[in-house]
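Chemist: Residue numbers (this note's numbering), protein chains in the order written: chain D, 1 to 308; chain Y, 1001 to 1724.
Since the hints were derived computationally from the structure, they do not count as laboratory data.
Misleading hints may appear alongside valid ones.
Pairs of lysine-lysine, BS3-like flavour, derived with a Cα cap of 30 Å [as the list claims (entries may be wrong)]:
#, chain 1, residue 1, chain 2, residue 2
1, Y, 1301, D, 207
2, D, 190, Y, 1301
3, D, 299, Y, 1142
Chain Y side only, calculated, beta carbon under 10 Å to chain D, not exhaustive [stated by the list, open to error]:
#, residue
4, 1051
5, 1142
6, 1690
Short, incomplete list of chain Y residues facing chain D, as computed with Cβ under 8 Å [to be verified]:
#, residue
7, 1118
8, 1119
9, 1268
10, 1300
11, 1302
Here the structure is a predicted model, which means the values were calculated and not measured.
We treat Cβ as the ideally placed atom computed from N, Cα and C, and that holds for glycine.
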Amino acid sequence: MAEVAKPVGTFQEMIFRLEQFWAGHGCVVLRGYDKEMGAGTFHPATALYALGPYNPWRCAYVQPSRRPTDGRYGENPHRLQRYYQFQVLLKPAPEDSRELYEASLAYLGLDKRRHDFQYAEDDWESPTLGATGLGWEVRCDGLEITQFTYFQKMGGIECNPPSVELTYGLERIASIVQERDSVYDLAWNKDFTYGEVHHQVEIDFSKYNFEQADLEALRHDFDQAEASVKQMLDRFDSAEAEFAEVLRGEAVLAAYDKCLEASHLFNLLDARGAISPQVRQEMILRVRKLVTRVCQAWKGQVGAQDNG
Amino acid sequence: MAELFVELYGEDFPGWAQEKGSRQLSDLLYEALKKRNLLDKRADSIGYASPRRFAVQVEGVLPESKAQEIETRGPREGANEKALEGFLRKAGFSSTEDQGVELRETPKGKFWFATKLVPPSSAEKEVPEAIVETLLATRWRKSMRWDASGFRWPRPLRRYTILLDGNPLCLPDSERLPSLRGGTNEIEIGEEYIAVSSKEDWLKILKAKGIEPYAQTNKRGVQIVTESQEMSTPRYSSRFHIERPSLLVIHPKAKNLPESFVPVILKYHLGVYERSEGGYYYSASLPYGLEGGAESEWEQKTIKQVEKVAQARLDDARFYWERDKKIGVKELQNRLDKINFHPKLGSIRMRAERIANLAKEIAGLLGEQDEKELEHIQKVTLYSLCDLASGTVGEIPSLEGFVGAKLFAEEKDLAPYENFPLAAHLALSIRERKFVVQEFSISLASLLDYLVGFIAAGEQSTGSTDPYALRSKGELICSYLIHPNYRLTDLNFDELMLNVMNIYLENADINTKNLPNDAPDFRGGSRKIEEDVINFLKDRLERYLQWAEKIPYDVTRAVLNTSGNEDRAYFVSIKNYAVNLRNLLYSSEEEERQKVEKLLVAWRRAQGLLRGVELKLNSSDKVLSEEGEKFKMALQNAKQRLDAKLKPSLRVEILAELSEPVSAFLDAEKVLEGTEQEQQARLALLDRFIQVVKQVADLDYIEGGDITARKDFAYYSKVSNSTD
């Protein structure tokens, strides 16, 4: 095991260290994507780049993630509707993926020899992304701190070669390293706590997500987002033959952005309890269909460059 | 002869893969070595598993394979050239002129034959090839790729250790295998590499490190680990998930949350087991490298941490529970209308109504006569199903049934139902608990509705496809019906099924309302559906008894398929017959064995003699010899006792008692000699013998040959739990 560093003292320092660690292992260090999304996996650097164009491709970034249904009005110490994921994609999956991951925790000062550290079977699936993977949720003292996944499919397309995706739950890891019982008590830096920076966000958005969001407007926006993806992809498909070289790239990524919008709108509708389980399934399928089309278009566009 | 020991080390393998994996690796490696003529007659293999490693030990590996001739038959003389070329290429030849290729006369005409001489080869060369073949032949219910080789396993495989009498071997390069480290005599434990010399050494090292691998039964049928009691313990279960489990006890506190929810929530999120003395067992992973005395300090710290996590989970559940209470049962029930159960079977609401009616019927069949109680069962079922639309169940699916029951109890002010943990529509295993008529009725109603519905809708499992898991549902029903704790000796399954079908008929408007035209017509085809369901369940019973009670399926089939025996409508009775028949057929007592063999030989001879013969009515038995008379008396005696409704164990004993007289009769008499009258008398006696035996079992279903020669004889002969 790699040498265990002195425990990282603040939340922001933890992010710096992870960026530094993964940059040292060949990752392109990116910023979070500027769209609302439920998980770091939705970032195009993961969702689309797992399919191509580059092989090898390694990236790392912090992705602010929004899951409206997880809001608890700032009352639950481990549950937030908006939180930070540190996302790493390693393609192809290195033989020492696991050792690397554990070394990154040691670099934060998390000594697995002092904790109950478990890899619990967890076959990951993102129904809206049409993505599947096999792996584990990594638990430290019963708390899930990371999702460790070998991607098998994205947008319904087989990932070749498979990538490793690591999704660190930053707040949870910080609460272990800083030995705090609540995420709100975490030191963000030496002057501010996580609560001081974000607690109001949780209260306001829980109210909005569960009580106030305008259902009609959300439905309308969802339909709009869906229609515009379809339009763009139809345009892309019909133009592809004639103007493929001109339109490729821009259209696919823009269409993907619309998928992200649709996905977030769906999450909001879900949080408001505005959709029945049956409709819920239908909407998931609608988003998945869009993502699948985008992934197919993306693969078609970049496939030739991919060595995988 | 050498010992071969193989360890395959990887990233945490799922619990479900370990038992199956250790068995299939052991079997496949054994077969791969056998195919190479590398095994001694008494060779044996045994598989082991832990979360991070599989291992196989093979005893009796020969130093080199024996030379052998492998003959293959090719196409017929005059077959087209391509077929002949393909055959030759596959057999390792290039032309029909090659030595070893010949055209040979057979009763079916002239065929090409190719005979290849395989020279002896050393174990050092053959063993690695056999291991590659083994790895490539493994099959898993779920597997993944992790590199460009395309090789699939449940989780990545990283290194191997192969020892032939302690000497390490290397695997040959193969594009179809992933990149693997290995080729030395070391194994990886924690962050250490430790030299190992044999399986015994390996077990010792693992034990010293606190690892207790699961050991599979070996080929000779010796159960290495007999854990029938231990299997239900948290320690046994946790070792499939953690290499060094340490069982801790946590005591989280549930505030403003129904008590019945707490163990379910904690099991769902943390995999804990409730303790009868209070608190919960939590399986922690003991880190390597903890030094003396540090363990207890580590345990105390871990308990504190895990309790905090558990507390947060309970608080989270309370958040949803309070929201659900505000929404109320009525609104949740309305939402059920919008949840589709199956396109041909309607909404969940429709299913709820069917289950509620059926549960009431089953409770009645089980002896519940209080009309008020029966109505409660019906209502609680209907109400409890509303929780499928609740936020609490959306967040913690394992609470399905519990939330609805609690809402029902609160709304109707029915305290006894407050902790009514309905297994109902989820078909949770209720076998762990004592029999409660309400729970049992609802759970069975749910399972039967599911099974009948899907079979009627044409979704029956076929071959390897079983998308709705009907087989496991069927086996669950079997397990309910025969569970010893329930003592359901009086539950007539045929009668129960009749009631199930009646429920469907009475609810015909529920079943057909708003359904497509191709929805099953329970009115027109109910008899057919009933037959299909019963046949399906009997088939599942054979399988269930095989794995759960260690009864060979042909034994169960023999007792199941006896027409005219009313007691076969009781699953408990079928199981008891099957257990006792297995004990008789697989007895390890020499005297018993001889009886069984004589009985089976006599049965087969009798069936052979009776085949195609027309028995005349009123044939006189006055012409029987002395042996014939003795046999006749034995049959009369057996018949009288069998008609006396004895316990299955005694009835099976009667079969064994018949073996002597029937054998003596067949030895003494030439059945088909003498006058026609004499022949008819003897044949009539044999026919009576068949009918008497069939009151217990139809031995035609017992697979042919000597039972002691069966490869699983030793395995089954070790189980001898008599039951009635």
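Chemist: State for each hint whether it applies.
Modeler: Results of checking the hints against the structure:
1. 1301(Y) - 207(D): violated (36 Å)
2. 190(D) - 1301(Y): holds (27 Å)
3. 299(D) - 1142(Y): Holds, because 26 Å separates the two Cα atoms, which is no more than 30 Å.
4. 1051: Holds, about 8 Å.
5. 1142: Hint holds; residue 1142(Y) Cβ to chain D Cβ min 7 Å, cut 10 Å.
6. 1690: violated (53 Å)
7. 1118: violated (37 Å)
8. 1119: Given a least distance of 38 Å, the restraint on residue 1119(Y) is violated.
9. 1268: Check failed: Cβ of residue 1268(Y) comes no nearer than 12 Å to chain D, outside 8 Å.
10. 1300: violated (12 Å)
11. 1302: With a closest approach of 5 Å, the residue 1302(Y) hint holds.
In summary, the structure is inconsistent with hints 1, 6, 7, 8, 9 and 10 from the numbered list given earlier, while agreeing with the others.
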